[in-house]
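Chemist: Going down the list, the protein sequences come from chains C and R.
Residue 483 in the working numbering sits at position 483 of the first sequence, with consecutive numbering throughout.
Residue 101 in the working numbering sits at position 101 of the second sequence, with consecutive numbering throughout.
Hints listed in this document are in silico derivations from the structure and should not be mistaken for laboratory results.
Hints may be right or wrong, so weigh each one.
Computed list of lysine to aspartate or glutamate pairs in EDC-like fashion (alpha-carbon distance at most 20 Å, straight line) [stated by the list, open to error]:
| no. | chain 1 | residue 1 | chain 2 | residue 2 |
| --- | --- | --- | --- | --- |
| 1 | R | Lys274 | R | Glu114 |
| 2 | C | Lys363 | C | Glu274 |
| 3 | C | Lys303 | C | Asp209 |
| 4 | R | Lys434 | C | Glu159 |
| 5 | C | Lys330 | C | Glu370 |
| 6 | R | Lys434 | C | Asp452 |
| 7 | R | Lys412 | C | Asp197 |
| 8 | R | Lys434 | R | Glu490 |
| 9 | C | Lys165 | R | Asp448 |
| 10 | R | Lys274 | R | Glu490 |
| 11 | C | Lys454 | C | Glu370 |
| 12 | R | Lys443 | R | Asp366 |
| 13 | C | Lys59 | C | Asp209 |
| 14 | R | Lys434 | C | Asp209 |
| 15 | R | Lys166 | R | Glu357 |
| 16 | R | Lys372 | C | Asp304 |
| 17 | C | Lys26 | R | Asp366 |
| 18 | R | Lys443 | C | Asp157 |
| 19 | R | Lys166 | R | Asp61 |
| 20 | C | Lys365 | C | Glu455 |
| 21 | R | Lys479 | R | Glu490 |
| 22 | C | Lys438 | C | Glu370 |
| 23 | R | Lys118 | R | Asp11 |
| 24 | C | Lys438 | C | Glu274 |
| 25 | C | Lys438 | C | Asp305 |
| 26 | C | Lys438 | C | Asp368 |
| 27 | R | Lys172 | R | Glu148 |
| 28 | R | Lys372 | R | Asp442 |
| 29 | R | Lys372 | C | Asp368 |
| 30 | C | Lys27 | R | Glu148 |
| 31 | R | Lys372 | C | Asp157 |
| 32 | C | Lys363 | C | Glu108 |
| 33 | C | Lys26 | C | Glu159 |
| 34 | C | Lys303 | C | Asp197 |
| 35 | R | Lys443 | C | Glu158 |
| 36 | C | Lys363 | C | Asp305 |
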Amino acid sequence: MTIQSPLPLIPISIVLVTSILILISKKRPNLREFWSFAGSILTFISVAAMVPTILNSQKIVYTLSTLAPGVSLSFRVDALSLIFGIVSSFLWIFATCYNIGYMRSLNEHAQTRYYMCFAIAILGAQGVSYSGSLLSLYLFYEIITIFTYPLVAHHQDEEGYAGAKKYIVYLMGTSKGLLLPATVLTYVFTGTLDFADNIVTGIFPKGTDGVWVAVTYCLFLFGFAKAAIMPLHNWLPSAMVAPTPVSALLHAVAVVKAGVFCICRVMLSVFGVELLQGLNLGLYTAYFVSFTILVASIIALTKDDLKARLAYSTVSQLSYIVLGVALLDKSGMLGGILHIVNHGFSKITLFFCAGAIFVATQKRKISDMEGLGYAMPLTMGAFAIASLSMIGAPPVAGFVTKWYLLNGALEIGNLPILIVLMASTILNAGYFAPITYKAFFQGRKARWSMADVKEAPMTMVVPLVLAALISVALGFFPQFFTQLIGRFLS
Amino acid sequence: MGDYLLMNRLDFPILSTTIFIPLVGAAILMLMRHDKAIKGIALVTGILNFLISLLLYIHFDPTTPLFQFGEFARWMPSYNINYVLGIDGITIFLILLTTLLAPLCVLCSWTAIEQRVKEFMFCILVMESAMVGVFCALDFILFYVFWEAMLIPMYLLIAVWGGPQKDYASIKFFIYTLFGSVFLLVAIIAIYLTTGSFSIPNAMFRDYSFGFQFWVFLAFAIAFAIKVPMFPFHTWLPAAHTEAPTAGSVFLASVLLKMGTYGFLRFCLPITPKASVYFAPYMVILSIIAIIYGGFVCLNQTDMKRLIAFSSVAHMGFATLGIFSLTLFGFEGALLQMLNHGVTTGGLFLCVGIIYERTHSREIFDNAGLGKITPIYVGFLGLFSISSLAFPGTNNFVGELYILIGSFVSSKTAGFFAVVGAVLAAAYMLRLLKQITWGREDKRAIRDMNLREVIYLVPLVILVFWMGIGPSPFVDTMKTTLTNLFTRMEVFFQ
Numbered sequence: 001m002t003i004q005s006p007l008p009l010i011p012i013s014i015v016l017v018t019s020i021l022i023l024i025s026k027k028r029p030n031l032r033e034f035w036s037f038a039g040s041i042l043t044f045i046s047v048a049a050m051v052p053t054i055l056n057s058q059k060i061v062y063t064l065s066t067l068a069p070g071v072s073l074s075f076r077v078d079a080l081s082l083i084f085g086i087v088s089s090f091l092w093i094f095a096t097c098y099n100i101g102y103m104r105s106l107n108e109h110a111q112t113r114y115y116m117c118f119a120i121a122i123l124g125a126q127g128v129s130y131s132g133s134l135l136s137l138y139l140f141y142e143i144i145t146i147f148t149y150p151l152v153a154h155h156q157d158e159e160g161y162a163g164a165k166k167y168i169v170y171l172m173g174t175s176k177g178l179l180l181p182a183t184v185l186t187y188v189f190t191g192t193l194d195f196a197d198n199i200v201t202g203i204f205p206k207g208t209d210g211v212w213v214a215v216t217y218c219l220f221l222f223g224f225a226k227a228a229i230m231p232l233h234n235w236l237p238s239a240m241v242a243p244t245p246v247s248a249l250l251h252a253v254a255v256v257k258a259g260v261f262c263i264c265r266v267m268l269s270v271f272g273v274e275l276l277q278g279l280n281l282g283l284y285t286a287y288f289v290s291f292t293i294l295v296a297s298i299i300a301l302t303k304d305d306l307k308a309r310l311a312y313s314t315v316s317q318l319s320y321i322v323l324g325v326a327l328l329d330k331s332g333m334l335g336g337i338l339h340i341v342n343h344g345f346s347k348i349t350l351f352f353c354a355g356a357i358f359v360a361t362q363k364r365k366i367s368d369m370e371g372l373g374y375a376m377p378l379t380m381g382a383f384a385i386a387s388l389s390m391i392g393a394p395p396v397a398g399f400v401t402k403w404y405l406l407n408g409a410l411e412i413g414n415l416p417i418l419i420v421l422m423a424s425t426i427l428n429a430g431y432f433a434p435i436t437y438k439a440f441f442q443g444r445k446a447r448w449s450m451a452d453v454k455e456a457p458m459t460m461v462v463p464l465v466l467a468a469l470i471s472v473a474l475g476f477f478p479q480f481f482t483q484l485i486g487r488f489l490s
Numbered sequence: 001m002g003d004y005l006l007m008n009r010l011d012f013p014i015l016s017t018t019i020f021i022p023l024v025g026a027a028i029l030m031l032m033r034h035d036k037a038i039k040g041i042a043l044v045t046g047i048l049n050f051l052i053s054l055l056l057y058i059h060f061d062p063t064t065p066l067f068q069f070g071e072f073a074r075w076m077p078s079y080n081i082n083y084v085l086g087i088d089g090i091t092i093f094l095i096l097l098t099t100l101l102a103p104l105c106v107l108c109s110w111t112a113i114e115q116r117v118k119e120f121m122f123c124i125l126v127m128e129s130a131m132v133g134v135f136c137a138l139d140f141i142l143f144y145v146f147w148e149a150m151l152i153p154m155y156l157l158i159a160v161w162g163g164p165q166k167d168y169a170s171i172k173f174f175i176y177t178l179f180g181s182v183f184l185l186v187a188i189i190a191i192y193l194t195t196g197s198f199s200i201p202n203a204m205f206r207d208y209s210f211g212f213q214f215w216v217f218l219a220f221a222i223a224f225a226i227k228v229p230m231f232p233f234h235t236w237l238p239a240a241h242t243e244a245p246t247a248g249s250v251f252l253a254s255v256l257l258k259m260g261t262y263g264f265l266r267f268c269l270p271i272t273p274k275a276s277v278y279f280a281p282y283m284v285i286l287s288i289i290a291i292i293y294g295g296f297v298c299l300n301q302t303d304m305k306r307l308i309a310f311s312s313v314a315h316m317g318f319a320t321l322g323i324f325s326l327t328l329f330g331f332e333g334a335l336l337q338m339l340n341h342g343v344t345t346g347g348l349f350l351c352v353g354i355i356y357e358r359t360h361s362r363e364i365f366d367n368a369g370l371g372k373i374t375p376i377y378v379g380f381l382g383l384f385s386i387s388s389l390a391f392p393g394t395n396n397f398v399g400e401l402y403i404l405i406g407s408f409v410s411s412k413t414a415g416f417f418a419v420v421g422a423v424l425a426a427a428y429m430l431r432l433l434k435q436i437t438w439g440r441e442d443k444r445a446i447r448d449m450n451l452r453e454v455i456y457l458v459p460l461v462i463l464v465f466w467m468g469i470g471p472s473p474f475v476d477t478m479k480t481t482l483t484n485l486f487t488r489m490e491v492f493f494q
């Protein structure tokens, strides 16, 4: 069932208005931060308000304008949209709180620009979630790219510019060079850019030349470079020059998740399960991203910089999502999409912790963090919980993902994928466990004492602890999201 | 008189009015003494003419492919030369663009032009008149008169009020364009000798021999390729654009270049359809060279105006690519791209003019690092740059999308090459934007934009978003004419 309604425009408009208000209140920091808060909370409420409708197996669609026959700026809310919409709007509230602590503690410059670009990046993420056609998807995807550029280059030093340059070259280059022709080719073959109503049939007419379908598919897969599938992953570690809250929300949630979300959307709502299975593209994709899962984990092992290690962990974890969906099996797809949520909450916790450590100690290197758990118990405790989730240990959120993914691999009886999943679990443990171990069990008296180092400001600690707790809660109660995803997959 | 013309049904001859109001304004301001009064009259004339031309849009009938608002008068009956005017879906927006830009050009020269204000404004108004005339004329001789009439005021604008190398630039412009005009004249005479008439619509889709079409197409194509400009006839453009005063650059980029692509759509395709189909692959190759070459050259520019000038080569390459993809999407995209380029590049040139008035330099480095100093200016520049790189949601994206669809339909290879140009566009525009915003750290005293400057950029900003998000009014208006052109061309595709 489908409802015509401009509801999906509400969260997008709220964020837009928020960003304008932030810009206007640049002379009054407290008011400016109030707008961020109010905006993020209102956005979340407006997103949550759509949940009952969607749980009733209904879709909300709205067409804003038509550019050409079949090419429209249209919006659509289904269960998949809501997954990403809820995560990005909800975590924006946390990130705002954390931002205030981080930016004020470090006395960062150009804060108005920072908050405004932050808000518009969320606007992009919201827009991507509710896109009803490839055109809207492309529009909001590009908005994210442009407005996160100033965030990555925030420090405006040589390192910042270099990182930001790499960022924009990778993201803009792929979106213009691969995504744009992929979109045009799709239109040439199908005569429309609107998404299909179900995940089975897709929009390609029967009898489309298989080679061209495969070419278009590959252009899409690499065109969404925000998903950081190797070999187009290198922008993500470089983007870590950004202030940590940016890395947290954008490079663990909004930006990279927009990439994988788009891939999921295109695989399921443009190509459709039937076509992908028919051409065997799903399985090839699964094998291809397996490489990323393993190699990124191995690289993560070698990194001593905490944020760099987290970045490579993100690269690896993002491919879980693509892998799950590429299995084209119900459990696999469920696990993959669910990981958008689980990874979001857990990874933002980890980045929040990294930022809190930096604010409290000015340290970035893991080797310097011996005994830190005693000085910053809350932060490192949260870190330990979230890293368990990344490893996939019960009862934290990541376990649920792994469970469904393993189920999916078993159901289609694919041994290589099973081995990849298990190997990566060991690798995950290999690069996360030592951090917790160092913090709590090594060098207790060597470097830190309670007098030197305290926890970061409360505005930072509270969101990171809450995010960690939610990771645990999601491990115990995954029903809400699994139910939503079930609606989408049925 | 043929059956191609729907006579004007308004109370007054609207096309003649739109053509001659600027001339009347120009005559009046010649009688004035004070610069303020002169500028005032030029501005009022421009705005008045724009408002009148809006009536064209209001009363335009988008359901017919015939020429509308027709006017007919005998001029030189012994040679069968007549004063025939009429517009269709191709020309209506080009005329509106011209009449919109004229008052903006007056406004942007308000303080920038300090010497010979009277003569300057006179040239601007005469230009406007000639440009509107070119788009309305349905008789070859009348067309040619207007075509040549544009040349002189444009030459003067560059030669008198231009930059340091104005002599070189203006002469180069003049010679190139005149060279093209000669070929145009030859083609016109050839058609006259064959059909015995100077009527443009009468010359369309007649059963000419292929040999005749071959040569006539070539003659037309040289004339128009210089105007567009297509590679390898583009070398006059950077010089002329760079040295011209802001208003001149805006007219050049936004309207004069469109004369070339307009010529392809109005003359080459319908008059020499067989030859057009025959030459289409070569024209596509030239277009792609222009797109990619223009993009690479842009990457290497240190002068803002030169960068925008070369970006015009690339953008117009997209327009010709659309036309010679010989698809309906391509035609629509080309026409949209012509309008979009007019709006966006016009806006960019206006922006360069604004900063030139303050720093007296067009070098990127001299104008770098303005993000904190003049935020409003950087906001406008950023907007036009993003539009120029075909960011979705802005006007250029729609044009580029149509053209890419058209070219992918006709040849996937051509499509992929064109995509390279799209990537380059992002690269050079973002590089410019980054330099202007953050390129330098030192603080300088540069005042931000004033109200007058904001006022003349706002209409263009509105168009950027209007044509980017809701282009249907534009597409619907041009659709019938272009569909008609396409269906009549289709016969020749085999």
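Chemist: Would you mind marking each hint as holding or not holding in the structure?
Modeler: Verification of the supplied hints:
no.: 1; hint: R:Lys274 to R:Glu114; in the structure: 52 Å, violated
no.: 2; hint: C:Lys363 to C:Glu274; in the structure: 51 Å, violated
no.: 3; hint: C:Lys303 to C:Asp209; in the structure: 45 Å, violated
no.: 4; hint: R:Lys434 to C:Glu159; in the structure: 15 Å, holds
no.: 5; hint: C:Lys330 to C:Glu370; in the structure: 43 Å, violated
no.: 6; hint: R:Lys434 to C:Asp452; in the structure: 41 Å, violated
no.: 7; hint: R:Lys412 to C:Asp197; in the structure: 29 Å, violated
no.: 8; hint: R:Lys434 to R:Glu490; in the structure: 46 Å, violated
no.: 9; hint: C:Lys165 to R:Asp448; in the structure: 28 Å, violated
no.: 10; hint: R:Lys274 to R:Glu490; in the structure: 10 Å, holds
no.: 11; hint: C:Lys454 to C:Glu370; in the structure: 15 Å, holds
no.: 12; hint: R:Lys443 to R:Asp366; in the structure: 12 Å, holds
no.: 13; hint: C:Lys59 to C:Asp209; in the structure: 31 Å, violated
no.: 14; hint: R:Lys434 to C:Asp209; in the structure: 42 Å, violated
no.: 15; hint: R:Lys166 to R:Glu357; in the structure: 18 Å, holds
no.: 16; hint: R:Lys372 to C:Asp304; in the structure: 37 Å, violated
no.: 17; hint: C:Lys26 to R:Asp366; in the structure: 28 Å, violated
no.: 18; hint: R:Lys443 to C:Asp157; in the structure: 17 Å, holds
no.: 19; hint: R:Lys166 to R:Asp61; in the structure: 44 Å, violated
no.: 20; hint: C:Lys365 to C:Glu455; in the structure: 18 Å, holds
no.: 21; hint: R:Lys479 to R:Glu490; in the structure: 16 Å, holds
no.: 22; hint: C:Lys438 to C:Glu370; in the structure: 5 Å, holds
no.: 23; hint: R:Lys118 to R:Asp11; in the structure: 33 Å, violated
no.: 24; hint: C:Lys438 to C:Glu274; in the structure: 49 Å, violated
no.: 25; hint: C:Lys438 to C:Asp305; in the structure: 14 Å, holds
no.: 26; hint: C:Lys438 to C:Asp368; in the structure: 9 Å, holds
no.: 27; hint: R:Lys172 to R:Glu148; in the structure: 16 Å, holds
no.: 28; hint: R:Lys372 to R:Asp442; in the structure: 10 Å, holds
no.: 29; hint: R:Lys372 to C:Asp368; in the structure: 38 Å, violated
no.: 30; hint: C:Lys27 to R:Glu148; in the structure: 56 Å, violated
no.: 31; hint: R:Lys372 to C:Asp157; in the structure: 16 Å, holds
no.: 32; hint: C:Lys363 to C:Glu108; in the structure: 17 Å, holds
no.: 33; hint: C:Lys26 to C:Glu159; in the structure: 27 Å, violated
no.: 34; hint: C:Lys303 to C:Asp197; in the structure: 44 Å, violated
no.: 35; hint: R:Lys443 to C:Glu158; in the structure: 19 Å, holds
no.: 36; hint: C:Lys363 to C:Asp305; in the structure: 9 Å, holds
This entry does not satisfy hints 1, 2, 3, 5, 6, 7, 8, 9, 13, 14, 16, 17, 19, 23, 24, 29, 30, 33, 34, going by the numbered hints stated previously.
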